[in-house]
Amino acid sequence: MSMYKNEPLGERLFEFLRSKIGSDILVITDSDQLNIFGQTFRPIFCGRLNQVEPGHIELYPVIIKMVNAPFFEFPTPLCFPLEKISQFTIDFDCGTVFPIT
Amino acid sequence: MKRCFHVVAIPIRIVLNTFGDYNPHGMMYVLKENEDEVRERVKRNPFSPVDLVQPLVIRANDGDEVEIKFENKLPFATGMHFSEADYDVQTSDGANVGLNENTLVECGECIVYNIKANHPGVYYFSDLGNPASSDQGSNINGLFGSLFVQARGSWWTDPVTGCPIKSGVYADIHHPFLPSHREYAWIFHDEMPAVDLTGNKPLDPVTNQERESTHAINYRYEPLQNRKKLIDEGVVCPDCDGEEVHHDSWVFGDPATPILRGYVGDPARIRLVHGGVKETHVFHYHVHQWFQDPTNTDSEIFDAQAISPQSWYDVNPLYGLGSLQGSFGDAIIHCHLYPHFEVGMWGINRVFNTLQDGSQCYPNGEPIEALKPLPDRAPPPLPTKKKPGFPNFIPGKVGFKAPRPPLGIVGGRGLTKIERNAAVPNPRPGAVFTDPCGFVDDPVVVEYNISAIELPLVYNREGWHDPKGRIYVKDEDIDDICSGKKEPEPLIIHMAAGTCIRINFTNRLPNVADGDAFQLVTRTYEVGLHIHFVKFDVLVNDGANVGWNYDSSVLPGETIRYEYFADVELKAWFFHDHLFANYHQQHGLFGSGVVHPRFAEFLDSCTGEEVDSGTQITVVQPLIPDYRDFSLMVHDFALIFDKKGCPLNPPEFPGSQDDPGLFGVNYKCEPLQFRLKGPDCDPAYSFSSFVNGDPVTPILQCYEGDSFRIRLLQGAQEESHSFNVHGMRWKSDRPDVESRFNAQQHIGISESFTFEIWAKRFGDYLWTFETEEDLWNGLWGLIRVFDEEVDFLIPLPDQIPPPPRTMALPECTGIPPGQPEIIDCPGPADAPVKRFNIVAFQIPIIYSDHLEKDPFGIIFALEEDMNDIICGKKNPVPLVIRANVGDRVEVNLTSLLEFNKFPFLDGIWPYPPVKEQACYPPSIRISLHSQLIDYDVKTSAGETVGFNPDQTVGPNEAITYCWYVDENVGTCGLWDMADIRNHRSLGTYGAFIAEPKGTEFLNPYTLEPACNGASVILNNPFLPVTREFVLVMYDGARLVDKCDQLIVDPIDGILLADEPDPDLVDTYDNGSRGFNYRTERLINRYVKVPNLGVLFSSKVHGDPSTPLFEAYARDPITFRLLNPSERRRSHGFFLHGHYWNSTNTDITSQIKSFISEIVTGLTRDIPVHYGAGGVLGIPGDYMYRSGNIRWDIEQGMWGIMRVHGQVQGHLPPIK
Amino acid sequence: MADYKYDYKFPTVNDVHDQSLVYYFMEQVGKRILIMSPAFPFIIIGIILETIDDYLVVDVETTNIAELENRDWFIHIHDIEVFYVENGGPPIPKLKDGYC
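Protein chains in written order, with the numbering used here: chain A, 652 to 752; chain B, 5 to 1219; chain C, 1389 to 1488.
These aren't lab readings, by the way, just hints derived from the structure by calculation.
Treat the hints with caution; some may be incorrect.
[Stated by the list, open to error] Simulated pairs of lysine-lysine, DSS-like, Cα-Cα distance not exceeding 25 Å:
(1) B:K391 <-> B:K376
(2) B:K648 <-> B:K681
(3) B:K120 <-> C:K1482
(4) A:K716 <-> C:K1482
Produce the complete structure using the sequences and hints provided.
Following this line, the structure appears as structure tokens:
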């Protein structure tokens, strides 16, 4: 039973994330690597938290941290199912240079 | 979509540089629409390079169909053979192979090739109509190019104009979902016949002898010798001197070789292609690193890549141009083989930090061509008066050497005002224009004081020595090393990831190096510390004198300060001198840093005290297993003398780069010629410490159960080496657990590999550089795994301490050890047992239908086949045996060797030779060593090593080995280790194949069970029924022709040979070659029918003598490839019309149609995608072959896989 | 039964997240979607036709592999790692088939 008995399930995270809309967020998802037309990359993303839904979040603008182009801005917003996110951190400066290998 | 190109093969004069060196008989592929213009421009500019004279590079997308209308204007039949592509082998092979339709065309004719691009990559194309290796051949003269296949949906533009382009070596590639990136073709090629303006072979102005052969990129090279002449003749910088100054654009302007231009942070891809014919080069790219396999983010990181002819790699620099730290300036790219680098195989990656719109100039007034910013990135700022951008803020003087960097040299100058404007906010020594340590707040800083010194180095107990050794040392060790208290070894420094490294580097070398039999007097007045892997500011910290950068070396007696950042755990980073590397690198001037996991601590393995350097240390880390860290640095061109002062293997004249000297590993060698101390001088005990004592080469020490890492590097100078560990194995890509197990690694200079190994059982393990000449001259040592405690090795703190010593350590007795008393076989007691009774005996081997043979052959064979072989019913083939994972393998080996049946009873082989020949009478003992599978090294390694028992077997004796197939390791080489000098050339090798559990093996023609043989059907209830083809690639064979005349390969096999040149071949090029004791030398065919265009045709010549593998279209097939033979020249393996994952155990690995850098000990498993006939399942003859035009293909290293479309009476279909 | 500190009941918070995603996709029928997944063929672009339980039916116009296009694919919603639905925001670019 939740410690917060009177709160609907999922509400805390939902509200927390909604309060962070407009913040820059670094999101890392589950898989070992993703692949866009043959270009593989570790699923590390950084962008502005644009929308929060009960099952997913949307970042826009959003950077995919590709090893050859660590500041590649994807042409569309990207959404991440909450159940596929491994970890995230809020208020992350997306211009930060850090190793991703 | 379908893309159409009309390509013409034309003769063309190729001018290779602005000095007018040229190839009068060049050949190239060109688009039809450019043909007239190319010819016209060349006519108008006979002495200058013409931009359009470049290897043809065309582009398509993954999934495209490409139609090539090919027109031949050369005076012999030619074609375009595409690697990687899917096509109909009857219409588009660009060759004339086996029973296929001929898809070459004669002069004046056209043909249409249709290919499909089903995976991204480099589709290398070249001619197979004229495979001659001589100067008359097509490939050597430039007839090659590439189709670059991009991600689906890509398009490409000219980097200067931004307009779409149809062809060209440079393009900007764009995609709706991917970052735009720069694409640069970097096509190495070698041996192109070149003459100077007078039409003569160019001379070296120092030696006055002919300079090295051509080593070029994209039809350009920029030899030191040309530029040096300008200095000598006072045209430029009269007081300049030294080899590195010829890379200096302040003195000479930019080179004729490629300058790859981009802006800081631009994503980029260098398409590294080898269009040459002979050498395995090492591509090195300053400042940048990349994934060994760009499709696998778990892949190992490289910054140097060996590459063999006709193969390719994608070099995608991590973090884009300038790397993580965003360094701008000139990053030199070169072949790291120093003689090649010297003769001009280099270019530049120029990373601008300001916008180039075509209105700017370099400091010498040459205009800077415009460069479009990539459309999805913010353009860099426009240059201003205060901030003119690279290179125009550097206070250099045109016509003079580049200036030294600001702040770096102790007591040197500060920043000019304009330099200050370009600098980072906190400029400091070594970090002026880029801050390599700036990502981290308050990083850990380690500081080293390092000097370069000269001292004599003694290589072994026989007194082989280098009187002018030059090495890097920590300043605090100088006295101990120079006084003999401390043994000199390559400097290996250790640090944890996340460390900011500062180095105070002092030049303590003599200003002038004296001359001797190897080298001429040379003024070596400046030296540097050029580093790999770590992050740094290339302008001031490269330890080099390149392009428009500063000269970041240091003069005698001065100290320069460098700064680097180790961003993540890395392999060993190579460091060396870039200023006079051709003079003193081979004297030992190289070292390495190892970046360990964060929070690692480093201990002296003997005392347990903290250390920060050493070739053998102990590493402790709180969260991962503690480990031993061992560094091995191999080098060739070791310029050493014997104890009497006589030079060992001196060149013909001092200053020659023609393979002078011998070899070392960590400045030591243990030649086998001195290890015949036992009774009968038997080579079988050359590796035995009981008989000959321990070697002086490194003995890597640990306890049973320890994990350890071997850092393998090569410090000098030109040659390939093949590192092997016997009885151990490692994952080929350390970060990727899905990578395959290896026990062998090819290495070239500057490459770096880490092997992580677990010491499973105690005993002595042999490590080798396994090619015959390396091993003969002493490149081997031991890994000694102790079972009980010794007082000179601390236990790993996180391991159960070893038991106290109960047995005295063994000692050298001079007496051969006995055979093992008990053979303790690994694996479960109830494991199924496969027994092989194997005999080794001497028998002539017929190598071809042309009756070429080895009259002295030695083979391993199953006992039951021996009589059939002796009476001629069966022609000998290399032994191939199989067992399944989970099986125990019992090998009973008997020797039937007879001393008098050896060709040279003193062991001195006039051919094929090795350097430093000496008496080494043949052993009549023999052994059988296996790679990769599990066994107790004390009983079943098939060799007598260290203080292990004897595992060789004498005449009419037998010995038993017991192996356990614990993993699906696939192909394992088998070979004799009793006498590597007198046995291997004669055929003492074979293969063991580990197959999946539950597999049955069937003869493909009878469907009877068959455990041995090169071609079988694998039948496994859970896997597709598969045809397996084993190719045992060999070299170094000594054959005679049908008249018993010695065949001296490669010389005797050269087609259209020019005047014989006695210096043409190196020792390690000698010997005949092919697959599975067979060869199909093209010269025999050419003598019969003197037509180059039909050399591979079975219609004209019948099928080749090499294995003819047969399958039906779409049959699952797997090749098992190995090279257990002996020579140091690397080979390639190509199979027309097919491709596979480059790592067979990892489905995400890059798809390729070749195996590269093949040298002794390599094994690969090749499950071919889509089965026989490729994705289209097209019947026909598919050639397998080496990629070396010089000298493999024409010497017989090729064969055919025949894919049938109709059922054949002799070949039952598989289910 | 072990004495757990918390008394687990269904649905769990994971179910809520997963089910919310299903509801979201139910509302997106008829729109273009871009999907990334570590499973072959890694990227899918097409029109959402319907949802069936926790499967998305997509008329696929573009993937890594041309041969797999122009057909309906049933995609397990809970294996989608990254996605974007055209919903008034920037359009999903169309792949060009080159210039020549």
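Here is how each hint holds up against the structure:
1. The straight-line distance between the Cα atoms of K391 of chain B and K376 of chain B is roughly 20 Å, inside the 25 Å bound, and the hint therefore holds.
2. Of the pairs offered as hints, the one joining K648 of chain B and K681 of chain B holds, with about 21 Å between alpha carbons and a cut-off of 25 Å not exceeded.
3. For the suggested pair K120 of chain B and K1482 of chain C, the alpha carbons sit about 23 Å apart, so the restraint of at most 25 Å is met.
4. At roughly 22 Å between alpha-carbon atoms, K716 of chain A and K1482 of chain C fall within 25 Å of each other, so this suggested pair holds.
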